[in-house]
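Undergrad: Residue numbers (our numbering), protein chains in the order written: chain A, 639 to 1048; chain B, 9 to 347; chain C, 7 to 318.
The set of hints was computed from the structure by calculation and includes no laboratory data.
Keep in mind that this is a model prediction, so the values were computed, not measured.
Treat the hints with caution; some may be incorrect.
Claimed, not checked - Below, computed lysine-lysine pairings styled on DSSO-like, alpha-carbon distance capped at 30 Å: (1) A:K836 <-> A:K949; (2) A:K772 <-> A:K885; (3) C:K106 <-> A:K707; (4) A:K949 <-> C:K141; (5) A:K944 <-> C:K141; (6) C:K141 <-> A:K707; (7) A:K1027 <-> A:K836; (8) B:K53 <-> C:K141; (9) A:K960 <-> C:K141; (10) A:K944 <-> A:K707; (11) A:K790 <-> A:K885.
Listed below, chain by chain, are the residues.
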Amino acid sequence: MKKMFAILALLALATLLVTQCAPAATEAPAEPVKLVLWTKEGEDALEWNESLVDEFNAAHPDITIELVKKENVEVLREDFQTASLAGTPPEMLWTVNDHAGPFVAADIIQPVDDLFDLSVFVDSALAAVELEGKTWGVPVSNGNHLMLLFNKQMIAEAPADTDALFAKGQELTSGDTYGLVWNQTEPFWLVPWLGGFKGKVFADDGVTPTLDTPEMVATLQFLHDMKYDAAIIPPESDYDAADTLFKEGKAAMIINGDWSLGTYQEALGDDLGVARIPMVSATGEWPKPYTSGVYFMLAKEVSGDKLEAAKEFMQFVAGKDKQLEMVELLSRLPALAEALDDPMITDDPILKGSADQMVVGTPMPTVLEMRCNWDGMKPEMQAVLADSKSPEDAAAAMQTAAESCIEALE
Amino acid sequence: MGALTGEVIARSLGQIGGMVFFTLAGALILEVSIYLILGRVFSSKYTLPYMLIAPAAVGLALLVVYPIGYEVRLAFSNMSLRHFRDPTFGLAQGIDNLRSVFTKPVLKQAMFFPVLGRTILWTGVNVAFHVIGGMILALLLNRPMRGRGLYRTLIVFPWAIPQVIAVLAWRGEFHFEYGFLNVMLRGLGLEAVQWMTDPFWNFAAACITNIWLGIPFMMVIILGGLQSISREFYEAAEIDGASGWQQFRSITLPLLQPVLTPAIVLGVIWTFNNFNVPYLINRMELETTDILVTALFRAAFEYNRYGFSAAFAMVSFAILFVFAVVYIRVSGGLQGVYE
Amino acid sequence: MSITAKPKPVRKEARPSAVGSGPRRRSAVSRFFRSGRGDSPFKRLLIHLALILASLIAVYPVLRVLSVSLRPGDRLLSTSLAIIPEDATMEAYRTVIVEKDFLLWIWNSITITVATAVVGVILAATGAYAFSRWKFPGRVPGLIFLLTTQMIPAAMLMVPIYILAARLNLINSYRGLAIAYSVSSVPFSIWILKGYYDTIPIDLEESAMIDGASRMTTFYRIILPLSTPALAIVFLFNFMTAWNDYLLARIMLQKTEMFTWTLGIWTLAGQFRVEWGNFAAASIMVMIPVMTLFLYSSKWLISGLTLGAVKG
């Protein structure tokens, strides 16, 4: 019995050693450089990611890029932070600009100013990833902005200003059909109007929240009126509900982002119209939706061969033909300035409308503190829309919440 | 068929084979070392039991003890996004974190004691309904009847469904426009409820979902316990003229106690720490629906206050621990379970 | 060797409290609690109605998921309460199986779960035996430790588990996840098995040992065969825990081709737009094997959960 034990033990030990050590010994000397790329994309954009990676891998036998899809941007951010903590982060990220804030604060990505000639990109795209005087991401697409989309069968032309919007909207709202729909749960849909009322979420220093302002109160009041006075929007609607209503033809207009252009074109075909969000009649200003886009980011420790390989891939995607390919497949505006002037964009009414809106947009703040603003605005905006708080109270509450959140960040 | 090719199958089988090998090899080495050290060197008469529990102990040490130790250490640091790479560790930070847990808001506005209160309310409401509902159903089923198996099978559905799917299905039903609850309310002429945006109703929604999920478990346990109570007791009691309610109170309840106590303790612990339901039902991330675990999860992952949330977790764990010890002592449940 | 299996505490003799000599009032409510014979047809009807209602409530949300999975893609959100929509289609099922990697996810889940259940049973069977038959130093703290592991919010351990797994090179491998799963269900399994072992009298082993069998032989030859119901329960429990788990899988599996179904199903939920039809279809398909297994063994589960605690 004991002998059996001893023999088994030795056998086990041997197996263990063999399986663990052998692979290391048989590694070929000239291995391709391996990079891991995490992406936040889904659906068609993900397919485009995959085709890019496949094409690049085929053309570069000495580089292998592995694409990993992350469920959504939150998961990507959390997992990247955890992985960096463990020392095993992916080399590249394909993600949104507001991740730069937390990642720079945690010191887990590197600036790209020295790696690229950034002058070929659109200014606003670069501005959205600028922090502490450095640029932290390489732009892929530009935009990610909200705009006014409308169904030409129900409304021939977009209203030019908010008075016209209310008037037209009221004509079109009856029964279960609405003049206008939008995602009433996210403050992302509030900030364009805030810009239209000449407000901003941050003071000039870019880190102090300015939420308790007359401009914010005016914006909240405006949204409240849209629902309860003019009554042109549904009583409760999140992203899915608004999206469904518009696709089913039960809503004449929707405020949604450039990521939805592809699906709406499929659903409505030529009946889809794109325009700027109507000018605020009270101030004469165009609403300023946040623009950002999708960016490459590099983990901090990437260097040497891996860095070179990463640079090659990023240049591949930022090249003009790939940029135009993206425009064609995803209807997103390119980050490469040269590509913006291409007839593909200027001749397409949809893309032209999108570009038109983007021009009056404003880069989304990417500082760490922005999160506090979003979190402060969200419940209060919902409360005002639920008619359970007055705009003044809501604005004050937003400010307090944002301030205590920023304090806690330390 | 997507990516399920023969190659993938072969590779995964190989990996599993590797894993089995790996585990067996590791376990064997472990066993042999214990045998040699304890058996030969110390001649301990407890060699065999230690050998038996060794693999499990090692596994638990890795999966549970190390992470807890890590978290404890983290609770004494100021790690957050700003202090990500090189946080400072020390007693001062630990005390600071502990103080923040009790005095500063957990997320945006909610403070510790209200959240604790809400967690206790959550646990109390849920467990009460679980036990009462389970008891009623078990009593109903505890008799020969037609279709008993069928009823039992159907009622057990909520337990059998993967929890994440069940919670998401319920979340869909709380949708203002399309969820069946509001559709039915409107059908009855009542006003639809804003389940997702109203703090009270959101909490109620989470409770409804969790009650639905938890009753089958209690029912099954109680039913098992009821079925092992000998009929003689009831017959004797009936001869003595006891009413149904008295029988219930004097026979059923006491005899169920050895079964009920561990079930309730487990139920309280699981409900207190229930993450999936409050987190997923709370689509709008209302702070007012957060209980301790969800609040600390958000603090850790959405706000990245790692040090703070580790301290928070310690406090939450301590509370549960004290409760468990007290309850077990008071109810005398220790005998039936630990001896 | 000391024996830990004690005779169960004597059951308290049940005595009805002072009934009083007044007229025996059999109110409707108290009659309700009396079980068994002599139930009036009316009472039986009430009971059946109550049970039917309970069954409906239990099953309805699942039926709703079924109906979403059958709806044509452009009408996923609707106010109709019909279980089978008018233009039901199996399109979602087709999409999930053919276009998405559903089969791959199921395969991954199956392999990991089966491995987990096997390893878990082995770990628990041996460990529980030790706790049941010996009074070794550290036994009581060990039992208390097992109980307290249930109290720790798993979400808090995500970061350290990831770091440890990364250092041990267990990420993205079936190995790491299966080991993690087996270990995480060990406490509960040991508890259940120990309770069951406690009800097996020690005389069996003692007489076998007198005949010359070693301790471990009695374990294999006598105890294990006798504990088959409890072992089945532990197997089932481990299976269900591993099958349904999301948190651990998310920490340990990063590559899409290794996803279990809990991770895979979330890929059907895009950033803004959830593919509800596909999501529902995948959910229904995932539920079927689990529920069949569960319901098939529910008999054992019912008796098993009360093992060791109740002895008639």
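Undergrad: Against which earlier hints does the structure fall short, listed by number upward?
TA: The structure breaks hints 1, 2, 4, 5, 6, 9; every other hint is satisfied.
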